[in-house]
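S.K.: Chain residues, written in single-letter form:
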Amino acid sequence: MPENRIGRIKKINANMVTAGFDTFVIQNEVAYIIHGDERLKSEVIRVRQKDAEMQVYESTADLKVGEKVEFTEELLSVELGPGLLGQIYDGLQNPLPLLAEKCGFFLQRGVYLDALLLDGKWKFTPLAKPGDKILAGTKIGFVPEKIFKHYIMAPFNARGIQDLEWIAEPGDYNLKEPIAKIVDESGRKREVFLSQKWPVKVPITAYSEKLKPSEPLVTKMRLIDSLFPVARGGTYCIPGPFGAGKTVLQQLTSRHAEVDIVIIAACGERAGEVVETLKTFPEITDPKTGRPLSDRTVIICNTSSMPVAARESSVYTAVTIAEYYRQMGLNVLLLADSTSRWAQAMREMSGRLEEIPGEEAFPAYLESRIASFYERAGIVKFPDGSTGSVTIGGTVSPAGGNFEEPVTQATLKVVGAFHGLSRERSDARRYPAIDPLISWSKYKGIIEEKQEERGHQIERKSHDVAQMMKVIGEEGTSLPDYVDYLKGEFFDFSYLQQNAFDPVDEATSKERQIYVFNFIYNILEEEFLFSDKEEALRFFQKLRQLFRGWNSSAWESEEFKSTEKEISSLLLEKAAGKKEQNA
Amino acid sequence: MHKIYTNIIQISGDVITVEAEGIGYLEIAEVSTNHGKSLAQVIRIDEKKVSLQVFAGSRGVSTGDKVRFLGHTMRVASGEELLGRVFNGSGMSMDKGPQLTDNLIETGKPSVNPVKRVIPGKMIRTGIPMIDVFNSLVESQKLPIFSIAGEPYNDVLARIAIQAEVDTIILGGMGLKYDDYLFFRDILEEHGALSRSILFIHTASDPVVECLLVPDISLAVAENFALAGKRVLVLLTDMTNFADALKEISITMEQVPSNRGYPGDLYSQLASRYEKAVDFEGAGSITILAATTMPGDDVTHPVPDNTGYITEGQFYLKGGVIEPFGSLSRLKQQVNGKTREDHRTIMDTMIQLFANYRDSLEKQAMGFQMSSWDKKLLRYGKIFEDKMMSLKVNIPLEKALDQGWHILAECFSTEETGVRKAIIGKYWPKDGKN
Chain A
4 MPENRIGRIK
14 KINANMVTAG
24 FDTFVIQNEV
34 AYIIHGDERL
44 KSEVIRVRQK
54 DAEMQVYEST
64 ADLKVGEKVE
74 FTEELLSVEL
84 GPGLLGQIYD
94 GLQNPLPLLA
104 EKCGFFLQRG
114 VYLDALLLDG
124 KWKFTPLAKP
134 GDKILAGTKI
144 GFVPEKIFKH
154 YIMAPFNARG
164 IQDLEWIAEP
174 GDYNLKEPIA
184 KIVDESGRKR
194 EVFLSQKWPV
204 KVPITAYSEK
214 LKPSEPLVTK
224 MRLIDSLFPV
234 ARGGTYCIPG
244 PFGAGKTVLQ
254 QLTSRHAEVD
264 IVIIAACGER
274 AGEVVETLKT
284 FPEITDPKTG
294 RPLSDRTVII
304 CNTSSMPVAA
314 RESSVYTAVT
324 IAEYYRQMGL
334 NVLLLADSTS
344 RWAQAMREMS
354 GRLEEIPGEE
364 AFPAYLESRI
374 ASFYERAGIV
384 KFPDGSTGSV
394 TIGGTVSPAG
404 GNFEEPVTQA
414 TLKVVGAFHG
424 LSRERSDARR
434 YPAIDPLISW
444 SKYKGIIEEK
454 QEERGHQIER
464 KSHDVAQMMK
474 VIGEEGTSLP
484 DYVDYLKGEF
494 FDFSYLQQNA
504 FDPVDEATSK
514 ERQIYVFNFI
524 YNILEEEFLF
534 SDKEEALRFF
544 QKLRQLFRGW
554 NSSAWESEEF
564 KSTEKEISSL
574 LLEKAAGKKE
584 QNA
Chain B
10 MHKIYTNIIQ
20 ISGDVITVEA
30 EGIGYLEIAE
40 VSTNHGKSLA
50 QVIRIDEKKV
60 SLQVFAGSRG
70 VSTGDKVRFL
80 GHTMRVASGE
90 ELLGRVFNGS
100 GMSMDKGPQL
110 TDNLIETGKP
120 SVNPVKRVIP
130 GKMIRTGIPM
140 IDVFNSLVES
150 QKLPIFSIAG
160 EPYNDVLARI
170 AIQAEVDTII
180 LGGMGLKYDD
190 YLFFRDILEE
200 HGALSRSILF
210 IHTASDPVVE
220 CLLVPDISLA
230 VAENFALAGK
240 RVLVLLTDMT
250 NFADALKEIS
260 ITMEQVPSNR
270 GYPGDLYSQL
280 ASRYEKAVDF
290 EGAGSITILA
300 ATTMPGDDVT
310 HPVPDNTGYI
320 TEGQFYLKGG
330 VIEPFGSLSR
340 LKQQVNGKTR
350 EDHRTIMDTM
360 IQLFANYRDS
370 LEKQAMGFQM
380 SSWDKKLLRY
390 GKIFEDKMMS
400 LKVNIPLEKA
410 LDQGWHILAE
420 CFSTEETGVR
430 KAIIGKYWPK
440 DGKN
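Chains A and B, in that order, are what the protein sequence lines are.
Residue numbering for the first sequence follows this note's numbering, beginning at 4 and increasing consecutively.
Residue numbering for the second sequence follows this note's numbering, beginning at 10 and increasing consecutively.
Hints are computed from structural coordinates only; laboratory data are not their basis.
For every residue, glycine included, the Cβ atom is placed at its ideal position computed from N, Cα and C.
Be a bit skeptical, because a hint or two may be false.
Unchecked claim - With a straight-line Cα cutoff of 20 Å, these simulated SDA-like cross-link-like pairs (lysine to any residue) come out: (1) A:545 / A:519; (2) B:430 / A:14; (3) B:57 / A:355; (4) B:58 / A:544; (5) A:545 / B:434; (6) A:473 / B:378; (7) B:430 / A:549; (8) A:536 / B:22; (9) A:142 / A:386; (10) A:536 / B:378; (11) B:385 / A:544; (12) A:536 / A:482; (13) A:13 / B:60; (14) A:545 / B:392; (15) B:58 / A:70; (16) B:58 / B:22; (17) A:14 / B:55; (18) A:14 / B:372.
What the hints assert, rightly or not - Label-pair ranges, simulated between beta-carbon atoms: (19) B:290 / A:31: 35 to 41 Å; (20) A:7 / B:107: 41 to 47 Å; (21) A:518 / B:392: 50 to 56 Å.
In isolation and in its complexed conformation, chain A is listed as follows (with noise of 0.2 Å):
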């Protein structure tokens, strides 16, 4: 095999550069095309006799015919191991703050920083002894990490059972200095370091099994939770037209679901919103851990501007540091923003590459791609008997928010749960606008059933009453209609919708929310006494504007209890049976 292949620039078309070789080529290999003293990354999509045509992670201004290009064989790969928590990456996995101390305000081209601090020491714990049975995976040892354990594991491409030959002394260690020797079968020997490379398109399966998600994953927003919810280990999906929230709706998600890490894909979507976490991130306290936010978070931050290609690789970037930790026996949320950029840019790609468009110039793989890179949630079992899980939650951009278009389409055949948010919401200022009537989950939740399915049906029939009022108007509408007509427009207001700037309304417990619905499923199964729609329309406006007060209220303070109080004897006035339930 030659020392270092080389081919020449041929074609050059925006992204797309074409180079012709004289020996062989791999599909899907790393090459640089070396311009001056620049060397810009790219990788090879596709072979045609002796010309292979790359897609440039660069902008490729002034790149010449000619030009030499080096094929290096390896995948695209990312580095895993301590350090990653708090990073803020590019699609390439270039630390962004690095990069600015080296290169100032703008993103040089051609300028590749090394992921993990290489010299940096970690204390080392050795788990495994010499002579120790191990696979691919089996966590042989750990450094701590902000506030977890960081388990250092057998690579994951290691094949069959491995001898454990040596393994490093407790003490600390850089990522450069191995920490054991593992033999294979045949005998071949292999150093172990605190960080192995993964290539990004390629799934971790170093476990035994993987389960069906059962266990509800709390995200605080009660629209979700109650009526929505998302499992530990599924994939939920959010499109929704623009301006409708979706980001707004991911932020608070970050902050608030009840997971182990976040990873963030910020993939090809605005630049001012990455800011916002980037920078925020640090100062907020997480109540759980009473750590800065961005301790249990990673950001992937490929903005719109970024070059297309990288936009497509971070969310594979993303989803490959997530299952990293996920083999840890940690709980990951991967929330991508937005998959609809990502799909984007393979139609870019596919477009340059002249291949036969399918539906709306999108690639005929689209919908095989976007299955595999869902189908990488999962909660999964070790061979220790622990689990570890990856939640997936894309948002998706519709065009024009029509969810015909492809890739909701494919999204929602591979998600276990829809958030659709619709126009009419966000025009009414209805946050979260998650429309009720359209979304739906096929994960349990914490609620009861029963309840929950009233939620369900009050929403719907409130609508087909409003529909209704549409047409004959208010005054040919019965009074049981409207009043269930107002009890679906509280239910709404009172509980699904949620004050993202409120403190306490921002994210509501677990225990609050089963607590509070509980509360308001009897104001719905309560038959009250009204003598006309007038009285009963000043009463729910009544009763909404306490809740209000209710719900800026912390969980459990004297304004809480006070609050509920002065609701139950306002319900007691009208209520017509069940008194004592709302005593």
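Given chain A, put chain B in place with the hints provided.
M.R.: The following block gives chain B in isolation, referenced to the frame of chain A:
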């Protein structure tokens, strides 16, 4: 020194293909024809075949004409000398002033490292309640005005430009009517703002390729000023013309169209321009206000649709007013918590009631009996339209908030507004009815 080639082998649309060697991607060349000279830019290289888009259009280009490659990518002059001047899409002087060739900067610089950005937090006051109260404009925001041909979007842009407290104004006009160009120039001059403005104008009669260059050069100059610590406001009108120019070139290049003939990379193309809006850590800022006309008032048309996903909200100008529904400033939360305690309450309450008003209006139009609640809403809606929505209203934010409370008190009881009691106690006008 510069390489000159004469064998043009293809002319199609505004794209010419010439056989040449050693040419860099996106390099600039000069095409000399009998009718004069024009710049051109390399947009595809296939071994010896180099395709260029000709800025002045390909009309009159002969297969024997000379193409001289200049060895660099697109550049534009920048600096203080540009202030008060007018240029065309290629950066050539359009007024009587001299051509500028000093202090050249490259256009299309790489993206700003997100870590070097600052969270936007300074409100830009416009005196328009529909913006200040309901959808505050923030420094470094990128915001389009979605509108329809015939609506006064250029007037709104101009009004914001002259009222906003910024150091430099850069106007990028694309496919602008000549009258509109004169309108901008005159209004800036009238308000003494021309001396801090730079105009890059592509009029409807100019070659289409130049239209493509306007945002790039406008933003490159803006970036240059911002890095020097200036707060820059960039006005781009009309971005739909820019997108149409992109479409024209991509079809000429035989690219597979994705949606209604627009290229698949429309999103990336628009994003790389809009994302230039920035607040630099330790330097100035760029705020972008753009006009996007929606063909057929259709917000799902690819241009407004892609724009909406990129920008931080949009103002929806319809019927001569900024519509509260459909308009959104995503950054408003960064500033409206710091103005006055009741700002958000007024914003939320008035809009929810206004939504109810629209429902009642619909009911009324269908001939239903109006309940007393409906009647209250109808009254409220009319007052709201007159005293808040009309573009004639020009008052500072605080006055607009006070006005909001008065309108609410005039029309409703405290309970009907659903406002929390704590806030009611503090702000509800004592002389209000109920």
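S.K.: Which of the numbered hints are not met once you compare them with the structure shown?
M.R.: 2, 4, 8, 14, 18, 20, 21
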